[in-house]
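Colleague: Please model the entire structure based on the sequences and the hints provided.
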Amino acid sequence: MLLARAHGRRELLDEEGGLPLGVDPDARYRTAAADLEPGDVLLLYTDGLVESRDRPIEHGIERLKEAVDPSNDLEVLLNAAVERLLGEEARSDDTAVVAVRLPARLAPLELELPLTLPSLVELRETLGPWLRRAGANEAEARELVVATWEAVANSLEHAQDPSEPRVRVRGRRLNGGITVSVADSGRWREPVPAADRGLGLELMRGLVTELEIDRGRRGTTVHLKRALEASET
Amino acid sequence: VNLPLRLEVSPRSTYSLAALEGEITLLSTDAVREELHRLAENGGLVLDLSGLDFLDSAGVHLLFKTARTAREHGSSFALVCPDGSPIRRVLQIADPANTLSAHPSEAAAAETLAT
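As you go down the protein sequences, you meet chains S and W in turn. If you count by the numbering used here, then the first sequence holds residues -11 to 221, one letter each, in order. If you count by the numbering used here, then the second sequence holds residues 538 to 652, one letter each, in order.
Hints listed in this document are in silico derivations from the structure and should not be mistaken for laboratory results. Just so we're clear, the structure is a prediction, and the values are computed from it rather than from any experiment. A portion of the hints provided could be inaccurate.
Said to hold, decoys possible - Have a look at the derived ranges for each label pair, beta carbon to beta carbon:
hint, chain 1, residue 1, chain 2, residue 2, range
1, S, G(-4), W, R543, 36 to 46 Å
2, W, G621, S, G204, 37 to 47 Å
3, S, A84, W, E648, 45 to 55 Å
Claimed, not checked - Chain S is nowhere near these chain W residues, computed Cβ spacing over 12 Å in every case:
hint, residue
4, E545
5, E558
6, G581
7, D590
8, V627
Where is the CB? At the ideal position from N, CA and C, for every residue including glycine.
Modeller: Written out as structure tokens, the structure reads:
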């Protein structure tokens, strides 16, 4: 077991190892304890990853320490580790590796955009990466971006108070899901079936788990909630 | 605003294949609106969306409009949208009954034009 700290240190938790699980019902194993900090990655692996006939286990472990970058996506991290240690080599031993991460604390998203068309592009470029860091997979991030895009596009067309031609987008991570709210100073136009905006509303509804529209006297706020399939929390 | 949308038309024996690449949104629909309208007036049209990576309601609206233009002019119309396409989900939500006649490949789309 290797613990790759977010701030850079690498710690080995079980230098001794033990018999493979299930071989001997009376086998005893040592437990190891460590406190995980946000962003830390714990790597569990079989000896096939770090040991081979022509390489002592110490070398393998050193290489593994170098290969693991805890700031990477877990999939990228695992691929890099396996590639670095096994490479093209034909393996005589089977190998299993598991990576576990305590998600890094994520600052909520706070965006204030002018009500202009280029804001849509800025929204997408900021919201997309934030959603990925928040634990959304590629499809979830893409779909939530489209839903938010539609909400902002609606504000663009219908926000009515010229004294504050801006839209505020806020993103939060909440119990296994993500909430994005879009607030403007305009009145929400009731969707007309089959018109552009009716379609936009339909898209928002279809792309999120929960849609809520607050029409206040001072503006409209759209709340988009989306549950995540494999939440890391 | 730089418009990341391209339209490439290739004549086929019984229809035109128009491939849209990039993104078709509120920011870019105007760039292809007329060309799509013209194509829809002139016989069979297959719109290939395989190269699209972003689609919003304004884009979907233009697709509906193009299909309607085709229908009004007696032209047959179909879309190509492969299974793994990033815009597939949006298309499915906007058009659950598949009135736009979306198919996973050009061959499948072309086949529906013939019948």
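Colleague: Over 12 Å to the closest beta carbon of chain S is the bar; see if G581(W) clears it.
Modeller: holds, 25 Å
Colleague: For the hint 45 to 55 Å, verify it against the beta carbon of A84(S) and that of E648(W).
Modeller: holds, 46 Å
Colleague: With 12 Å as the threshold, tell me whether E558(W) passes as away from chain S on beta-carbon distances.
Modeller: Per Cβ check, E558(W) is outside 12 Å of chain S; nearest 17 Å; holds.
Colleague: Check the non-interface label on D590(W): least C-beta distance to chain S beyond 12 Å or not.
Modeller: Given a closest Cβ separation of 9 Å, the condition is violated.
Colleague: Please check whether the beta-carbon of E545(W) is more than 12 Å away from every beta-carbon in chain S.
Modeller: holds, 23 Å
Colleague: So is V627(W) really clear of chain S, every C-beta pair being over 12 Å apart?
Modeller: The claim breaks: V627(W) does not keep its Cβ more than 12 Å from every Cβ of chain S (closest is about 6 Å).
Colleague: Within 36 to 46 Å: is that where the Cβ-Cβ distance between G(-4)(S) and R543(W) falls?
Modeller: holds, 44 Å
Colleague: Is it true that the C-beta distance of G621(W) to G204(S) lies inside 37 to 47 Å, as the hint says?
Modeller: Given a distance of about 41 Å, which is inside 37 to 47 Å, the answer is holds.
The structure shown violates the earlier hints numbered 7 and 8.
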